[in-house]
Structure formats: structure tokens, C-alpha cells
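Taking my numbering, the leading residue of the sequence shown gets 43, the next gets one more, and so forth.
Quick caveat, the hints were computed from the structure, so don't treat them as lab data. Treat each hint with caution, since some may be false.
[As the list claims (entries may be wrong)] In silico lysine-lysine, DSS-like type, Cα no more than 27 Å apart, as pairs:
hint	residue 1	residue 2
1	Lys89	Lys106
2	Lys201	Lys320
3	Lys174	Lys201
4	Lys89	Lys320
All figures in this text were calculated on a predicted structure; none of them were measured in a lab.
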Amino acid sequence: MSSSENAASREVCEESPPPSEAEPLRVVLLGRTGTGRSSSGNTILGKSAFWVDISPCSVTTQCKRQTGTVNGRSISLIDTPGFFNTHLSPEELMAEVGRCVVLSSPGPHAFLVTLRPDRFTQEERDTLEWIKATFGPEATRYIVVLFTWGDQLQGKCIKDFLEESDELLEFVNSCHGGYHVFDNSEQDKTECTQQVTQLLEKVDKIVADNGGGCYSNDMFKEAEKAIREAQERILAEKGQKVESPLKEAEGKEEQGPELERRRREEEERRREEEEARKRAERLFWCELATALGKGAAEGAGIMGKDKGKGKAVKKVKVVEKAAALAASPLSIKSAAKVVGGAVREGGKVLYKHRKTFLH
Numbered sequence: 043m044s045s046s047e048n049a050a051s052r053e054v055c056e057e058s059p060p061p062s063e064a065e066p067l068r069v070v071l072l073g074r075t076g077t078g079r080s081s082s083g084n085t086i087l088g089k090s091a092f093w094v095d096i097s098p099c100s101v102t103t104q105c106k107r108q109t110g111t112v113n114g115r116s117i118s119l120i121d122t123p124g125f126f127n128t129h130l131s132p133e134e135l136m137a138e139v140g141r142c143v144v145l146s147s148p149g150p151h152a153f154l155v156t157l158r159p160d161r162f163t164q165e166e167r168d169t170l171e172w173i174k175a176t177f178g179p180e181a182t183r184y185i186v187v188l189f190t191w192g193d194q195l196q197g198k199c200i201k202d203f204l205e206e207s208d209e210l211l212e213f214v215n216s217c218h219g220g221y222h223v224f225d226n227s228e229q230d231k232t233e234c235t236q237q238v239t240q241l242l243e244k245v246d247k248i249v250a251d252n253g254g255g256c257y258s259n260d261m262f263k264e265a266e267k268a269i270r271e272a273q274e275r276i277l278a279e280k281g282q283k284v285e286s287p288l289k290e291a292e293g294k295e296e297q298g299p300e301l302e303r304r305r306r307e308e309e310e311r312r313r314e315e316e317e318a319r320k321r322a323e324r325l326f327w328c329e330l331a332t333a334l335g336k337g338a339a340e341g342a343g344i345m346g347k348d349k350g351k352g353k354a355v356k357k358v359k360v361v362e363k364a365a366a367l368a369a370s371p372l373s374i375k376s377a378a379k380v381v382g383g384a385v386r387e388g389g390k391v392l393y394k395h396r397k398t399f400l401h
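Using the sequences provided together with the hints, build the complete structure.
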């Protein structure tokens, strides 16, 4: 995607003052699973800060914050779980995404909503509606629509692509930051730096247009309150209570150290149990092998059955009996005795270690 098209996507002031030099630029990545949120975060920071994988499910299941220096500026990026195709329930997803406001306290300067320049499906429609409903109408003042995988346009002008969908064009036009195109596969360092610089110019313009302010906790609480009131009206007859996603998010932040301690203790307990189980299994197999050999030898008459008298069996006699048995043909009767002895002694070991296999 040419730099001229990105520059034309929204009129950018010549010198948009960034936030205070001591204050990092706080940006949140939002989008459906598979739209390249984490890849875009890595492109912006110029390093592999976020985990990226090809998967039908969202690789990111919790909000994650990474910081870096870009063009001499401190940038704080918060990656969020992808909408849809995630292991989280809608309620869990809403609460977890709400943490991005807490993690970027006092609030993000901008939201980057990632979309791929391909067919505008129902999931894309639902994603945009979900964002508007979750963060409220005020959020559009802080949104830049970031089209990832710009190479998929194959030379098509991004404006022509937008005009193919009235719904998408309407959403983009409602976002004060306009749109930008990223080619996450771009290997040329100069081109990569240029597309990041142009994106940050648009973010700077958002900050300037909002008087240096950011999307605040109060704005999120207001949007979340409207959703909760609507849900409460629907669930009133059932007597159910709707919890605040922001309260859940703040609770997670406060309980973090305690939850981490419990998690470590649980992992240690499971590790010890697994080691004990493996030791018990090793002991079982050693005893079983010994018992099978002993039983087979007793059945063949090589060794006498242990009567508890404590008499040691002379090694010479055992060897002589074994040699005699090897020299004589094996009858069905003697074979049955061998198997029977092995089964008898093996059964004793199985009974002794039965609890090992019942857990």
C-alpha cells in the first residue's frame, strides 16, 4: 500500500503535538480473531512483543501490555482477546476486554480497530457493533480503523474497497481517526518504519483534537451502565443480577498477586502428585516383573514355593533344575504350571498396587 493513500485517508495536521514527553502514548488494540492485532502491535513496537500464531481460536486470552520506544517516544500498547472464536464466554470476554481501560489508566489515547481488507462478513458487522455497544458513542472520538494485511488489496485503492460496503464506510467515517493501512508482512525496514510513523501521526491528531485527553474510566462506566440497565430490564423477571465488567476487571487487577500465589501452589501440588504417581508406577512394574519370573520358576519346579521358613535356595540347584528343564521337551501340563505360577504371583502384585490405578 503506497504511503500517499495512507496520508490521504484522513487529513493530518503538519505538527501534531504528542502527549507530554514524560507520558507514554497509550494505545489499545481491538478486533476480531485473526485480523492481526498482535502482529500489528509487533510492527508498531518493532519487536516480537506479542505472541503470534496461526490458529482458528484467539491466541490472546488475556489483556497484555507491552511498552517500547518508537522514534524516540515511549509507547504503551495493550493487546486484547479477539472477538469470537475464543475460549471465553461473552461475559468473560467483556470483562477481560474491559481490563484494557484499567491497564492503560488513566485511559487509552486511542483504539486501533483491526480489520482485514477482504469480504465484510456478519462477524465483522457484529465486531463493530460490539465495540460501539461496549465502549459507547464517545469511543469513536478515539478510534483509528487499522486495515491489516494491506498486500491483500493487490493494488486496489483502499477508497474503492471501502465504497463496496456502505456499512463499513459508515463506521469508518464515524471514527475521528479515520483509517490506516498496514502491511504486516513488509520486510523493508524503511517502508515498515514509514507506515508506523504515519499511523502515529494520526494518533497524535486524535490526541490533539481531544485536547490532550484520553478515553477515561468514567466513559467506560457510562457505556457499561447503559448495557447493564438494558440487561437488567430483560432479566428483571428472572431475578438475576448483572455484574459490572469494569468492577470484575478492577477486581482481577487487585487480586492478581493472590491469584498468582494460588496458581503456583496448585501447580506445585499437581507436580508433586504426578511425581508420586510415577514413582508408584515404576515400583509396580519392577515388582510385577520380579513376581512373574518367580511364579513362572516355581510353576516349572525350578524354585520351591516360599513357605515362610526363611530357607535360602541354593543357586547351584536352581541352575541345575533350569538346565534339566531346558533339555527336556515342554509339555502342556508343565507350560500350564509355568503360566499359572506367573499369574498367581502377578495377581498378588496387582492387588497390592490396586490403589495406584484406581486414582
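For each hint, the structure was consulted:
1. Lys89 / Lys106: 15 Å, holds
2. Lys201 / Lys320: 63 Å, violated
3. Lys174 / Lys201: 23 Å, holds
4. Lys89 / Lys320: 42 Å, violated
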